[in-house]
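Work the whole structure out from these sequences, hints included.
Quick mapping for you: the protein sequence lines, in order, are chains E and Z. Count along the first sequence starting at 1, add 8, and that's the number in the numbering used here. Count along the second sequence starting at 1, add 8, and that's the number in the numbering used here.
If you are wondering where the hints come from, they were derived from the structure by calculation, not from laboratory data. You can trust all of the hints, since none of them are fake.
Calculated pairs, BS3-like style, for lysine-lysine (alpha carbon to alpha carbon, straight line, at most 25 Å): (1) K70/E to K83/E; (2) K70/Z to K83/Z; (3) K87/E to K156/Z; (4) K150/E to K150/Z; (5) K231/Z to K231/E.
What follows is a set of in silico ranges between Cβ atoms, one per label pair, in the way DEER data are often shown: (6) L289/E to P194/Z: 17 to 23 Å; (7) R191/E to D164/Z: 33 to 39 Å; (8) G276/Z to P118/E: 50 to 56 Å; (9) E137/E to K151/Z: 29 to 35 Å; (10) D294/E to N158/Z: 28 to 34 Å; (11) K151/Z to T97/E: 37 to 43 Å; (12) K150/E to F161/Z: 19 to 25 Å; (13) D164/Z to L114/E: 44 to 50 Å; (14) S306/Z to K116/E: 41 to 47 Å.
For every residue, glycine included, the Cβ atom is placed at its ideal position computed from N, Cα and C.
Protein chains: 2
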Amino acid sequence: MAGSAAPELKHCDRPLCSVSARGLIDSVDAFLFDCDGVIWKGDELIQGVPQSLQLLRDMGKKLIFVTNNSTKSRKQYAKKFLELGVDVTESEIFSSSFAAAMFLKLNKYPCDRKVYVIGEEGILEELEEAGFSCLGGPEDGKKNIVLKSNFRFDHDNNVGAVVVGLDQYINYYKLQYATLCIRENPGCLFIATNRDAVGHLTDLQEWPGAGCMVAAICGSTQKEPIVVGKPSTFMMDFLIERFQISTSRMCMVGDRLDTDILFGQNAGCKTLLVLSGVTSLSALHDPANNIHPDYYTSTISDILELSKL
Amino acid sequence: MAGSAAPELKHCDRPLCSVSARGLIDSVDAFLFDCDGVIWKGDELIQGVPQSLQLLRDMGKKLIFVTNNSTKSRKQYAKKFLELGVDVTESEIFSSSFAAAMFLKLNKYPCDRKVYVIGEEGILEELEEAGFSCLGGPEDGKKNIVLKSNFRFDHDNNVGAVVVGLDQYINYYKLQYATLCIRENPGCLFIATNRDAVGHLTDLQEWPGAGCMVAAICGSTQKEPIVVGKPSTFMMDFLIERFQISTSRMCMVGDRLDTDILFGQNAGCKTLLVLSGVTSLSALHDPANNIHPDYYTSTISDILELSKL
Numbered sequence: 009m010a011g012s013a014a015p016e017l018k019h020c021d022r023p024l025c026s027v028s029a030r031g032l033i034d035s036v037d038a039f040l041f042d043c044d045g046v047i048w049k050g051d052e053l054i055q056g057v058p059q060s061l062q063l064l065r066d067m068g069k070k071l072i073f074v075t076n077n078s079t080k081s082r083k084q085y086a087k088k089f090l091e092l093g094v095d096v097t098e099s100e101i102f103s104s105s106f107a108a109a110m111f112l113k114l115n116k117y118p119c120d121r122k123v124y125v126i127g128e129e130g131i132l133e134e135l136e137e138a139g140f141s142c143l144g145g146p147e148d149g150k151k152n153i154v155l156k157s158n159f160r161f162d163h164d165n166n167v168g169a170v171v172v173g174l175d176q177y178i179n180y181y182k183l184q185y186a187t188l189c190i191r192e193n194p195g196c197l198f199i200a201t202n203r204d205a206v207g208h209l210t211d212l213q214e215w216p217g218a219g220c221m222v223a224a225i226c227g228s229t230q231k232e233p234i235v236v237g238k239p240s241t242f243m244m245d246f247l248i249e250r251f252q253i254s255t256s257r258m259c260m261v262g263d264r265l266d267t268d269i270l271f272g273q274n275a276g277c278k279t280l281l282v283l284s285g286v287t288s289l290s291a292l293h294d295p296a297n298n299i300h301p302d303y304y305t306s307t308i309s310d311i312l313e314l315s316k317l
Numbered sequence: 009m010a011g012s013a014a015p016e017l018k019h020c021d022r023p024l025c026s027v028s029a030r031g032l033i034d035s036v037d038a039f040l041f042d043c044d045g046v047i048w049k050g051d052e053l054i055q056g057v058p059q060s061l062q063l064l065r066d067m068g069k070k071l072i073f074v075t076n077n078s079t080k081s082r083k084q085y086a087k088k089f090l091e092l093g094v095d096v097t098e099s100e101i102f103s104s105s106f107a108a109a110m111f112l113k114l115n116k117y118p119c120d121r122k123v124y125v126i127g128e129e130g131i132l133e134e135l136e137e138a139g140f141s142c143l144g145g146p147e148d149g150k151k152n153i154v155l156k157s158n159f160r161f162d163h164d165n166n167v168g169a170v171v172v173g174l175d176q177y178i179n180y181y182k183l184q185y186a187t188l189c190i191r192e193n194p195g196c197l198f199i200a201t202n203r204d205a206v207g208h209l210t211d212l213q214e215w216p217g218a219g220c221m222v223a224a225i226c227g228s229t230q231k232e233p234i235v236v237g238k239p240s241t242f243m244m245d246f247l248i249e250r251f252q253i254s255t256s257r258m259c260m261v262g263d264r265l266d267t268d269i270l271f272g273q274n275a276g277c278k279t280l281l282v283l284s285g286v287t288s289l290s291a292l293h294d295p296a297n298n299i300h301p302d303y304y305t306s307t308i309s310d311i312l313e314l315s316k317l
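Here's what the structure looks like:
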């Protein structure tokens, strides 16, 4: 990279300062927060989060939580917020599990057809809440296959959509089931909750994300999915419709460049990268990186800390 | 596809006939056969195979078996041939499991570093036969993870290569292990035995192939692998060196366009597609297909049947 001054000059990533923090707060009506790496890491709350969220609420800001993590439903996320002592209601939460269900609903997916799920409880709960019948999920994590002569692996011909999300119980049974549905059921939809490569599923380290399971199914079917989570615009279109706030009056706060920041930028929101999750300062400044937020800072509590200086 | 006569005119796939069969036999010294879908389907031999191979041997042709299926070692394949009543020796077999071991050996991979394997016995056997120490494989198929606070998943920092092949015991433990090695061990190699989307692992149907597991690791690491099996030229370069036969005097016989036929064509071999495996006549003639063998026919027994007419 010798002599590579040019890429750094092309875009100056700006650390949030007291002036820009006040400007940001004044210029938006809603803050959209990613959760993993922004609000918490695994089951550990990131320092200063409850106070910061409360202060933003006190200032009249609308708070919306937009997570690609599909392992929980909105109901389960509301419970998690409560357990962590953060006051957030189900109606403020938009998970990719919910987005998958809304995608099928808005596209009038017939309720008499089934949905096969590679993923966890969150997807099943949201699909069932929306009136769809599901197969797969954790249940199929217990199933084994013995590859032998004259054995035929049967799948339900009435599956018209496969939803793939993060699944820590992924196995060959599920991979074959999903592959058969997509390859053999005419018109079967292939929906990905998101394509995050890795995520902070525990506080201490990152783990393969939905991008791993989605890629596996791309590999066996040679098809590309419809992505409903960030950075796809599906969830944002849904949010705009629901809250009737102009995207120019929103700020997307996240820890991932390729999902959160891109999601915000695609929609015309202001964007703030926090370094409390998967993105390091060196990754942000890497000349190979071409996604640049309006501002970056350490954690969300800086927004208010800085604005008071 | 209305009015799409042009793509069909661009390339006329030719069915093997008596004249071309005789011409083919006369013009080559060696036949390279894929196995799954050509010699057998699962554990069922395809009709007429033993007789056809014997007759080609009687005519002085060299026979070489080149399979992307990494679940077995050459030794295990020789045993399978024997059990099916086909006279093939270990030295005639080139599996992608062997190719992975040879790739490391030819690239002077240090024997004091370990290799992590997503795959089955075949890869472990070949790596160990070549003098390498392995981790993973079937053993790790039994391991579970509980994602909880303060839990750190440790991996061996001395792993310098990850080999990924077909693995019916794929699980989240292996996905995380391989991902950590590739992302965190400096210079760690990511080697794929092959990228076949599906394969005839049983006689009655296709199953997700190594392409599924390889894609999963691409998804979580955002890296691309070194592919050692078909259609990569690594195996062919090795064969040419070993047998000292000009590729223009070889015919590659296979059931897959994107691996077998492409592999043969990349090397300058003659190519024969058999329709006894994953490729249908309509897939061959699909205007979207741009891989065309010199000839196609139903099964390998046609080579001799037709030549006698």
